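Take the sequences, apply the hints, and build the full model.
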Amino acid sequence: MSEYLVDIKNERLSFFTPAGEVKALNDVSIHMREGEVLGIVGESGSGKSVTAYSLMGLTAHPGKLIDGSLYFNGHQIETMSDKEMRKIRGNEVSIIFQDPMTSLNPVYTIGNQIMEAVFLHTDKNRAQAKERARELLELVGINEPEKRLRQYPHELSGGMRQRVMIAIALACEPKLLIADEPTTALDVTIQAQILELMMELKDKLGMAIIMITHDLGVVASMCERIAVMYAGKIVEYGTADDIFYSPKHEYTKGLIRSIPKLDTKEHERLVPIEGTPVDMLNPPAGCPFAPRCDSCMKICLREMPPVTHFGRVHYTQCWLNQKEEMEAKQEKGAANE
Amino acid sequence: MSEKLVQVEHLRQYFPGGGFGKHKKYIQAVDDVSFTIDRGETLGLVGESGCGKTTTGRTLLRLYEPTGGRFLYDNEVIFDVEKKQYAAMLPYRKKMQIVFQDPYASLDPRMTIGDIVGEAIDVHKIASNKQERYEIIIEMLRRVGLNSEHANRYPHEFSGGQRQRVGIARALAVKPEFIVCDEPISALDVSIQAQVINMFEDLQAEMGLTYLFIAHDLSAVKHISNRIGVMYLGRMVELADSYELITRPLHPYTKSLISAIPVADPKAARDSKRIVLEGDVPSPLNPPSGCRFRTRCPYADEQCAAQTPEWRELEKGHFAACHHIDKCN
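So the sequence lines, in the order shown, correspond to chains A and B.
So for the first sequence, my numbering puts the first residue at 1; every next one is plus one.
So for the second sequence, my numbering puts the first residue at 1; every next one is plus one.
It is worth saying that the hints were derived from the structure and are not from the lab.
None of these values were measured; they are calculated from a predicted model.
Some clues are possibly wrong.
Footprint (simulated), chain A over chain B, 3 or more residues, beta carbon under 8 Å [as the list claims (entries may be wrong)]: (1) 152-162; (2) 188-202; (3) 214-224.
Just so you know, even glycine gets a beta-carbon here, dropped at the ideal spot from N, CA and C.
Laid out in structure tokens, this is it:
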């Protein structure tokens with residue numbers, strides 16, 4: 001048993017594609033307590049979704065877990081069969097996908113789709129399931145739930161559909177909700193509604209949330225802990241304050257610098273991260289970010305940096321931080337002498 | 001006084017939306033929108049999906065036939081629906097270009113990058129021989145940060161950011177003066193967005209371009225634009241200098257739009273009180289009477305339903321259309 005709700009240790013996961021092996025996750029470790037909100041940020045292809053999907057056992061062929069252990073709520077995920085997995089999915093852990101337009105089935109009514117989740121995991125009868133579905137729609141702030149139950153997805157707007165998706169995900173009051181870019185396809189004012197709703201529900205139901213996004217603004221307002229991913233690695237991990245106010249990894253710093261500020265009067269030039277994201281088929285030998293890093297050193301191109309800890313939570317994987325640490329140690333040593 | 005390059009007056013664009021005869025319905029995608037853009041200036045256009053910002057850009061280039069209004073480009077009439085004047089577009093297509101949103105859908109997968117960029121050069125007969133055509137193509141690719149070897153490759157060999165650069169090179173190939181940028185960065189990764197925004201700024205400085213920059217991301221628009229117009233359900237609700245608009249928005253919709261942007265600053269995010277709008281954007285097929293924002297506006301009353309608010313200049317260069325400006329400020 002683990003003290004954590006989620007405990008992923010040194011996960012390595014590859015996709016064996018016709019073009020070659022894509023090392024989607026390379027030594028990823030994450031742990032979360034109950035009720036915690038973790039944000040995973042990164043660019044497309046950085047492995048942020050794969051990390052979360054692997055917890056649900058959704059990384060089937062050609063994906064393969066090479067190494068590591070995945071623990072969730074008393075289950076050892078990597079040893080479980082499909083049948084056992086199905087009992088957990090939608091029950092103890094649920095997911096909301098990015099695109100509410102394509103993740104609902106167009107030929108079933110909203111009510112049908114919510115009730116499906118209820119039937120699968122509980123022994124409620126039809127009337128009870130319908131009552132539960134109505135309750136859920138109310139919970140996610142949809143008005144006239146009776147009428148909505150009979151409607152089809154095309155009759156609802158994007159924001160409403162995402163609310164329905166959340167209702168389905170919450171049908172069995174999961175311990176963990178994975179939200180994979182839940183607001184990327186939505187407009188800002190609707191995004192604000194959905195984020196607000198998720199936080200409300202979190203307080204009400206006490207579930208943990210993994211929030212996957214590329215929008216630093218979204219994680220800043222929602223998450224207690226943030227993992228920054230790049231090329232299948234967690235390059236920096238810390239509390240929201242650590243990441244935004246004292247970022248240590250060059251990639252995190254670059255990301256924060258490259259966001260246009262709203263409240264500056266003078267026209268500041270943006271500081272982009274030069275270069276393009278890594279080709280995951282042929283990743284560089286050392287630190288994957290080295291080719292785009294301004295402070296790249298020789299060792300960065302050869303070897304993957306070890307983990308440097310700052311305080312209890314905050315850590316990075318960067319040679320620069322190692323160097324600083326070494327220098328600090330040396331100074332200390334010199335002072336002691 | 002700077003020179004007005006683009007003058008749009010009372011632009012309307014309706015699309016047929018079902019029904020027959022006198023029951024025929026129209027989607028009022030753009031309704032009574034007026035603005036001007038000075039030479040060398042960038043006007044940002046923001047709003048939620050379905051507010052008509054893309055339609056505005058496309059109608060100006062006559063990619064749609066306008067339903068109403070007038071568009072003067074460099075004091076020449078491009079279209080004036082009332083007087084039934086329509087200019088022949090081909091010479092103007094050399095001056096006005098567009099960069100599309102989706103770099104995956106806007107490049108022909110069966111053409112090489114060189115031919116994609118070169119197509120406009122052929123249409124407008126800019127190059128006198130093959131050598132010159134090639135030189136222009138290479139020059140344009142170089143400008144957007146690609147190089148000559150890319151000319152023989154196909155779109156699928158490029159990443160999203162590179163494709164968007166190709167789209168920009170294509171727009172630049174005819175040496176235009178005015179470019180409509182239709183959500184050029186929405187499909188790109190965060191770290192790449194900043195690169196492309198910087199490139200737009202560099203090109204503007206080098207080539208003296210004028211932009212109509214359409215996007216839903218207010219922070220990016222604020223960064224690149226001199227002035228910003230905010231649209232809601234086919235109408236312009238507010239237009240002002242970009243810093244002014246962000247710091248002192250007057251229209252309740254602009255206020256809520258700004259407060260809805262997630263700020264990348266945890267402390268500020270914890271303290272700030274978001275104005276969360278209720279409900280969804282109504283359908284443009286059947287927009288609310290009077291002020292179109294009234295169904296979601298916290299200040300709405302009977303007057304808003306009865307009367308369309310007037311487009312007024314409240315302070316110098318700061319326009320808004322709302323009955324209750326005083327009440328909400």
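Structure-based check of all given hints:
With 3 residues having a Cβ less than 8 Å from any Cβ of chain A, the stretch 152-162 of chain B passes the three-residue criterion, so the hint holds. Only when three residues or more bring their CB closer than 8 Å to a CB of chain A does the claim for the stretch 188-202 of chain B stand; here the count is 10, and the claim holds. Closer than 8 Å: that is the beta-carbon criterion, and the stretch 214-224 of chain B has 6 residues meeting it against chain A, so the requirement of 3 holds.
The structure meets every hint from the earlier list without exception.
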